[in-house]
Amino acid sequence: MEDGDQVIKKFMYMNRKAPYGTIYALESLEVVLIAAAFDQDVSLVFADDGVYQLMKGQNTDDIGMKNFSPTYSALGDYDIKKIYIEKESLEERGLTLEDLQELKYEDEDDDWAEKDSIHLVSRAELADVIDQQDVVFSF
Amino acid sequence: MKFGILVNEGPYTHQASDSAYKFAKAAIDKGHEVFRVFFYHDGVNNGTSLAVPPQDDRHIPNQWSELAKEHNVDLVLCVAAAQRRGMLDEDEAQRNGKSANNVAEGFRISGLGQLIEAGIQADRMMVFGD
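As you go down the protein sequences, you meet chains A and B in turn. The numbering used here puts the first residue of the first sequence at 33, with every later residue one more than the last. The numbering used here puts the first residue of the second sequence at 67, with every later residue one more than the last.
Simulated from the structure, these hints should not be mistaken for lab results. Treat the hints with care, as some may be off.
If you anchor each label on the Cβ, the simulated ranges turn out as follows [as the list claims (entries may be wrong)]:
| no. | chain 1 | residue 1 | chain 2 | residue 2 | range |
| --- | --- | --- | --- | --- | --- |
| 1 | B | His137 | A | Asn99 | 25 to 33 Å |
| 2 | B | Thr79 | A | Thr103 | 45 to 53 Å |
| 3 | B | Asn162 | A | Thr103 | 19 to 27 Å |
| 4 | A | Thr54 | B | Pro119 | 37 to 45 Å |
| 5 | A | Met97 | B | Ser85 | 26 to 34 Å |
| 6 | A | Leu129 | B | Gln121 | 51 to 59 Å |
| 7 | B | Ile94 | A | Ala50 | 33 to 41 Å |
| 8 | A | Thr128 | B | Phe101 | 28 to 36 Å |
| 9 | A | Thr103 | B | Gly177 | 16 to 24 Å |
| 10 | A | Asp148 | B | Ala159 | 45 to 53 Å |
| 11 | A | Asn99 | B | Gly177 | 23 to 31 Å |
| 12 | B | His125 | A | Glu140 | 51 to 59 Å |
| 13 | B | Glu171 | A | Lys98 | 50 to 58 Å |
Which stretches of chain B does chain A cover? Using the computed rule of at least three CB atoms under 8 Å from a CB of chain A, they are [what the hints assert, rightly or not]:
| no. | segment |
| --- | --- |
| 14 | 172-186 |
| 15 | 190-196 |
Lysine to aspartate or glutamate pairs mimicking DMTMM-like chemistry, simulated, CA-CA at most 20 Å apart [what the hints assert, rightly or not]:
| no. | chain 1 | residue 1 | chain 2 | residue 2 |
| --- | --- | --- | --- | --- |
| 16 | B | Lys68 | A | Asp166 |
| 17 | A | Lys114 | A | Asp163 |
| 18 | A | Lys41 | B | Glu183 |
| 19 | B | Lys68 | B | Glu136 |
| 20 | A | Lys49 | B | Asp196 |
| 21 | A | Lys42 | B | Glu183 |
| 22 | A | Lys42 | B | Asp189 |
| 23 | A | Lys41 | B | Asp123 |
As the structure is a computational prediction, the values presented were derived from the model and not from experiment. Beta carbons: idealized from backbone N, C-alpha and C, even for Gly.
Using the sequences provided together with the hints, build the complete structure.
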């Protein structure tokens, strides 16, 4: 899809690892934030242990690392409003959406109404979403 | 086809770098173009000029350098990931007051924008990680 001179592709960022214990979650978020400047059609996926990245109430005092989870709530401001959470990944970990942060964005086409960015999808539905992408990054 | 490649792991510890390299070579042999390989996370360690692996085994950083030279592949180390892990070119070393630099021939340090651009310009983006 072209918008005047600029190519717009569907970019997906897959997050499958827990927020702490390895650096993938943090550095992947850094990519997403910088990538926002490129005005592409962005989707984020949280699946497998990646669902832990969005858990509420993270306290990292005892591991001496920065708690970067507040950053996720800014994704809406970076125009990232398609965030897919895999249902089976939550169920397999005994979690529900209530355990996760509520991520929202302001819809400029609807008088800046606040809407949910998070879409709960099944593994099968996620496969279809992935199939629609032009670029899939997994960290 | 124009390929972009992302390498997310360092040399030797994971197979990712080997797989990416072999893929790049195979693609080029088949007449495709691999215009950029972007190294992120520990992948930046593939760009070290200081590796001295055993002589009876492959020299991963050298393999990448040679690929860059022979086929004009742009090898990019992400600046943020590189700084975290102590991979500095001459400019970065000077700028940060460090006593040495260690980026191998054929690699350059640049921003994450190069990765996104690769995704935009490539027909297909390949990711090699753990």
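Hints versus structure:
Taking the beta carbon of each, His137 (chain B) and Asn99 (chain A) are about 44 Å apart, not inside 25 to 33 Å as hinted. Taking 45 to 53 Å as the suggested C-beta distance range, the pair Thr79 (chain B) and Thr103 (chain A) does not conform, at roughly 28 Å. One distance hint, 19 to 27 Å for the beta-carbon pair Asn162 (chain B) and Thr103 (chain A), holds here, with the actual separation near 25 Å. For the hinted restraint 37 to 45 Å between Thr54 (chain A) and Pro119 (chain B), the CB-CB distance of approximately 25 Å leaves it violated.
Here the CB-CB span from Met97 (chain A) to Ser85 (chain B) is close to 30 Å, well matched to the stated 26 to 34 Å. Distance hint check: the CB atoms of Leu129 (chain A) and Gln121 (chain B) are about 55 Å apart, consistent with the given range 51 to 59 Å. Distance hint check for Ile94 (chain B) and Ala50 (chain A): the Cβ-Cβ separation is about 37 Å, which falls inside the suggested range of 33 to 41 Å. Hint check: Thr128 (chain A) to Phe101 (chain B), Cβ distance near 44 Å, so the stated range 28 to 36 Å is violated.
Take Thr103 (chain A) and Gly177 (chain B): their Cβ atoms lie about 19 Å apart, and the range 16 to 24 Å holds. In this structure the supplied range 45 to 53 Å holds for Asp148 (chain A) paired with Ala159 (chain B), their Cβ-Cβ distance being about 47 Å. For Asn99 (chain A) and Gly177 (chain B), the hinted distance range of 23 to 31 Å is satisfied, since their beta carbons lie about 25 Å from each other. For the pair His125 (chain B) and Glu140 (chain A), the supplied restraint of 51 to 59 Å holds, since their beta-carbon distance comes to about 53 Å.
As the Cβ distance of Glu171 (chain B) to Lys98 (chain A) is approximately 35 Å, the hint placing it in 50 to 58 Å is violated. For the segment 172-186 of chain B, the assignment as covered by chain A holds, since 8 residues bring a beta-carbon within under 8 Å of that chain's beta-carbons and 3 suffice. Coverage of a stretch by a chain is defined here by at least three residues with a beta carbon nearer than 8 Å to that chain's beta carbons; for the segment 190-196 of chain B and chain A the count is 3, and the condition holds. A distance of roughly 13 Å separates the Cα atoms of Lys68 (chain B) and Asp166 (chain A); the hinted pair therefore holds under the 20 Å criterion.
Restraint check for Lys114 (chain A) and Asp163 (chain A): the C-alpha separation of about 15 Å stays at or below 20 Å, so the hint holds. Using a Cα cut-off of 20 Å, the hinted pair Lys41 (chain A) and Glu183 (chain B) holds, with the two alpha carbons roughly 11 Å apart. The straight-line distance between the Cα atoms of Lys68 (chain B) and Glu136 (chain B) is roughly 17 Å, inside the 20 Å bound, and the hint therefore holds. The hinted pair formed by Lys49 (chain A) and Asp196 (chain B) meets the criterion: a straight-line CA distance of about 11 Å does not exceed 20 Å.
A threshold of 20 Å between alpha carbons decides the hint, and for Lys42 (chain A) with Glu183 (chain B) the separation of about 13 Å falls inside it, so the pair holds. Distance hint between Lys42 (chain A) and Asp189 (chain B) is fulfilled; the C-alpha atoms sit about 13 Å from each other, no more than 20 Å. Simply put, Lys41 (chain A) and Asp123 (chain B) have alpha-carbon atoms about 41 Å apart, too far for the 20 Å limit, and the pair is violated.
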